[in-house]
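Enquirer: Put together the whole structure using the sequences plus the hints.
Top to bottom, those sequences are chains H and R.
Reminder that position 185 of the first sequence reads as 185 in my numbering, one-by-one numbering, no gaps.
Reminder that position 160 of the second sequence reads as 160 in my numbering, one-by-one numbering, no gaps.
Because the hints were derived from the structure by calculation, they are not lab data.
Among these hints, one or two may not hold up.
[Stated by the list, open to error] Only pairs whose alpha carbons sit at most 25 Å apart, straight line, appear in this in silico BS3-like list of lysine-lysine: (1) R:K100 - H:K292; (2) H:K202 - R:K160; (3) H:K342 - H:K202; (4) H:K132 - H:K142; (5) H:K189 - H:K222; (6) H:K280 - H:K202; (7) H:K292 - R:K160; (8) H:K189 - H:K202; (9) H:K132 - H:K67; (10) H:K132 - H:K64; (11) H:K67 - H:K142; (12) R:K160 - H:K289; (13) H:K198 - H:K222; (14) R:K100 - H:K289; (15) H:K292 - H:K280; (16) H:K142 - H:K222; (17) R:K100 - H:K198; (18) H:K280 - R:K160.
Read off the chains here:
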Amino acid sequence: MKEAKGEPRGRAALDRRTLLAAGGAAGAALAGRVAGASEATIPEELPDWSRYLGPGVDDEPYGKPSKYEAHVIRRNVEWLTASTESSINFTPLPWLNGIITPNGVFFERHHGGRAEIDPAQHRLLIHGLVEKPLVFTMEDIKRLPCEDRIYFLECAANGGMEWRGAQLNGCQFVRGMIGCAQWTGVRLKTLLDRTGLKPNAKWVLAEGADASALTRSFPIEKALDDAFIAYGQNGEALRPGQGYPLRLILPGWEANMSVKWLRRIEVGDAPWYTRWETSKYTDLLPSGKAYKFTWVQEANSVITWPAPEIKIDGPGEYMIRGLAWSGRGRIVRVDLTFDGGKNWVTAPLQEPILPKALTRFYYPWRWDGSSTILASRAIDETGYVQPTIVQLRNARGRNSIYHNNAIITWLVNSTGEVENVQVA
Amino acid sequence: MSRSRDLLLAIALGTALAVPSLAGERPIGRVPTPEEIARWDIDVRPDGQGLPPGRGTASEGEEIYLARCASCHGEFGEAVGRWPQLVGGQNSLTWDEPIKTVTSYWPYATTVFDYIKRAMPFGDAQSLSDDEIYAITAFLLASDGIISQDFEVNAETLPKIVMPNAQGFIDDPRPDVPAGEPCMTNCVAEVRITGHARAIGVTPDEKSRPATD
Numbered sequence: 001m002k003e004a005k006g007e008p009r010g011r012a013a014l015d016r017r018t019l020l021a022a023g024g025a026a027g028a029a030l031a032g033r034v035a036g037a038s039e040a041t042i043p044e045e046l047p048d049w050s051r052y053l054g055p056g057v058d059d060e061p062y063g064k065p066s067k068y069e070a071h072v073i074r075r076n077v078e079w080l081t082a083s084t085e086s087s088i089n090f091t092p093l094p095w096l097n098g099i100i101t102p103n104g105v106f107f108e109r110h111h112g113g114r115a116e117i118d119p120a121q122h123r124l125l126i127h128g129l130v131e132k133p134l135v136f137t138m139e140d141i142k143r144l145p146c147e148d149r150i151y152f153l154e155c156a157a158n159g160g161m162e163w164r165g166a167q168l169n170g171c172q173f174v175r176g177m178i179g180c181a182q183w184t185g186v187r188l189k190t191l192l193d194r195t196g197l198k199p200n201a202k203w204v205l206a207e208g209a210d211a212s213a214l215t216r217s218f219p220i221e222k223a224l225d226d227a228f229i230a231y232g233q234n235g236e237a238l239r240p241g242q243g244y245p246l247r248l249i250l251p252g253w254e255a256n257m258s259v260k261w262l263r264r265i266e267v268g269d270a271p272w273y274t275r276w277e278t279s280k281y282t283d284l285l286p287s288g289k290a291y292k293f294t295w296v297q298e299a300n301s302v303i304t305w306p307a308p309e310i311k312i313d314g315p316g317e318y319m320i321r322g323l324a325w326s327g328r329g330r331i332v333r334v335d336l337t338f339d340g341g342k343n344w345v346t347a348p349l350q351e352p353i354l355p356k357a358l359t360r361f362y363y364p365w366r367w368d369g370s371s372t373i374l375a376s377r378a379i380d381e382t383g384y385v386q387p388t389i390v391q392l393r394n395a396r397g398r399n400s401i402y403h404n405n406a407i408i409t410w411l412v413n414s415t416g417e418v419e420n421v422q423v424a
Numbered sequence: 001m002s003r004s005r006d007l008l009l010a011i012a013l014g015t016a017l018a019v020p021s022l023a024g025e026r027p028i029g030r031v032p033t034p035e036e037i038a039r040w041d042i043d044v045r046p047d048g049q050g051l052p053p054g055r056g057t058a059s060e061g062e063e064i065y066l067a068r069c070a071s072c073h074g075e076f077g078e079a080v081g082r083w084p085q086l087v088g089g090q091n092s093l094t095w096d097e098p099i100k101t102v103t104s105y106w107p108y109a110t111t112v113f114d115y116i117k118r119a120m121p122f123g124d125a126q127s128l129s130d131d132e133i134y135a136i137t138a139f140l141l142a143s144d145g146i147i148s149q150d151f152e153v154n155a156e157t158l159p160k161i162v163m164p165n166a167q168g169f170i171d172d173p174r175p176d177v178p179a180g181e182p183c184m185t186n187c188v189a190e191v192r193i194t195g196h197a198r199a200i201g202v203t204p205d206e207k208s209r210p211a212t213d
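Expert: Shown next, in the form of structure tokens:
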């Protein structure tokens with residue numbers, strides 16, 4: 001990763017790249033808007049859809065979004081990883097509404113590709129320091145007491161490319177390793193109540209059934225608190241990319257621990273120190289030491305409109321839209337700045353405000369057409385204040401990769417273009 | 001009356017709803033046999049718990065490594081393209097661009113065995129024998145002199161190998177940034193833009209890409 005340096009290149013080239021950066025269909029839609037299609041005139045001709053019949057109810061047994069929304073897709077940053085099977089894609093935050101991420105665009109991070117599992121053959125084994133090991137079928141699990149819970153899942157590396165400077169020019173790419181869903185399933189405690197625990201049960205290992213057999217250790221306290229085993233996501237079964245037919249959810253903690261395709265829970269008396277909690281998902285400091293077991297996703301926020309993907313089409317009234325979240329509980333406040341952090345105002349929060357879930361904020365804004373430096377800052381119920389990138393670098397240097405929850409800053413220039421920048 | 005009270009009680013108790021099972025009732029879950037558990041229970045801990053019988057040396061591991069690992073990780077563990085570099089990078093963790101490898105960064109040698117066993121080779125997981133995994137583990141550790149070429153790695157010796165970065169990790173101290181009520185007005189005298197994402201030019205759909213090594 002390179003460090004930010006130098007000034008933007010020629011203005012004409014930038015205009016063109018901004019359109020291209022929004023993706024094919026988005027580029028076309030933006031070009032249409034720029035050409036003046038947004039004027040609220042009523043056309044003389046009756047459009048086809050007002051005259052001719054549309055498709056019938058059997059045309060689309062499983063519905064898709066409008067073809068005019070074709071730009072609202074997950075995107076990959078090709079150069080990040082060696083292969084797409086062990087990689088990540090990004091949720092298209094600038095174009096989404098509310099706090100629930102649609103299943104089709106929920107970000108995915110796989111370590112051995114997306115496993116396609118026959119639920120009839122899937123098993124969950126619980127063993128180790130339990131009184132009675134048990135193996136469950138999917139049908140067994142669906143017979144147990146269930147709950148619906150709304151939680152975000154955020155990759156520990158969300159924002160990880162921005163440690164050394166502003167690098168990726170898109171809201172989708174700087175904060176899109178996150179999604180929020182209503183999950184349906186069973187508390188892990190419900191299952192552990194059935195197996196019982198030996199007195200020395202202190203740690204839990206979760207393992208996936210995919211080709212990476214990913215394993216993570218976590219303390220028994222989390223297992224008996226809000227750890228959750230989900231088979232439902234936003235009203236339907238989990239998508240394969242989210243671990244169908246069964247995944248772990250450790251609310252508020254880095255999403256790598258919410259093991260997908262969950263096939264095994266082992267209870268032990270010490271952590272396992274798997275590759276995913278030593279080589280990866282540890283936070284290297286300038287001293288050469290590294291933080292380990294950095295599980296909580298600290299308070300974070302991002303303005304999703306305006307964003308670098310979407311040019312502001314002239315001065316006037318707009319709604320600033322954004323998201324805030326905290327792995328420690330509820331968001332209590334979001335502040336906005338329009339001058340790069342000199343002065344702040346508090347934005348109203350949209351209900352519902354749920355712990356360890358995305359929270360929406362909206363703020364009416366009159367853009368006067370002048371250069372503006374926009375940013376949001378989240379505060380959670382523990383009093384934790386989302387830090388600046390300077391504060392975060394002072395604490396951890398520039399090589400941590402993970403847990404970059406620094407304030408994200410958008411520079412709106414006088415032509416309405418929006419750019420990801422860092423300020424000091 | 002008493003039934004509805006029982007129901008309320010059960011709701012109040014949440015998961016305590018489970019009622020005594022009746023004869024002929026379909027159970028939820030069954031007790032697996034030890035053989036069934038052993039099929040999946042492959043994890044290994046730093047204290048050696050879970051290590052299977054078997055053995056290998058670096059000399060034996062070299063040939064297996066070249067056949068099964070080198071196409072991605074390089075003949076000397078130096079990596080091909082973006083695939084992970086496995087060895088080298090000693091004392092680099094304080095550098096501006098640290099090189100985090102098995103030998104420079106991983107705290108426990110047992111994790112090498114565990115990870116290879118469950119996930120490698122990439123795309124052909126769990127196809128190596130335990131002897132082969134011990135030998136490949138030995139080959140990697142010997143590449144940077146952590147063990148000698150003829151040191152036999154097995155369930156007894158692997159947990160005793162001390163990795164160079166064994167003491168390199170500290171428990172999460174976060175929050176590690178300034179606490180307190182945040183400033184609302186006149187917070188900074190001058191705002192300076194220190195970085196522009198456009199100047200980097202690595203966003204997908206833009207032409208340029210960074211070096212991939």
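Enquirer: Against this structure, judge whether each hint is valid.
Expert: We went through each hint and held it up to the structure:
1. R:K100 - H:K292: holds, 15 Å
2. H:K202 - R:K160: holds, 24 Å
3. H:K342 - H:K202: The hint is violated at about 47 Å.
4. H:K132 - H:K142: Cα-Cα ~20 Å, so holds.
5. H:K189 - H:K222: holds, 9 Å
6. H:K280 - H:K202: holds, 23 Å
7. H:K292 - R:K160: holds, 22 Å
8. H:K189 - H:K202: holds, 14 Å
9. H:K132 - H:K67: violated, 53 Å
10. H:K132 - H:K64: violated, 46 Å
11. H:K67 - H:K142: violated, 36 Å
12. R:K160 - H:K289: holds, 22 Å
13. H:K198 - H:K222: holds, 16 Å
14. R:K100 - H:K289: holds, 12 Å
15. H:K292 - H:K280: This hinted pair holds, its Cα atoms lying about 10 Å apart.
16. H:K142 - H:K222: holds, 22 Å
17. R:K100 - H:K198: violated, 38 Å
18. H:K280 - R:K160: holds, 23 Å
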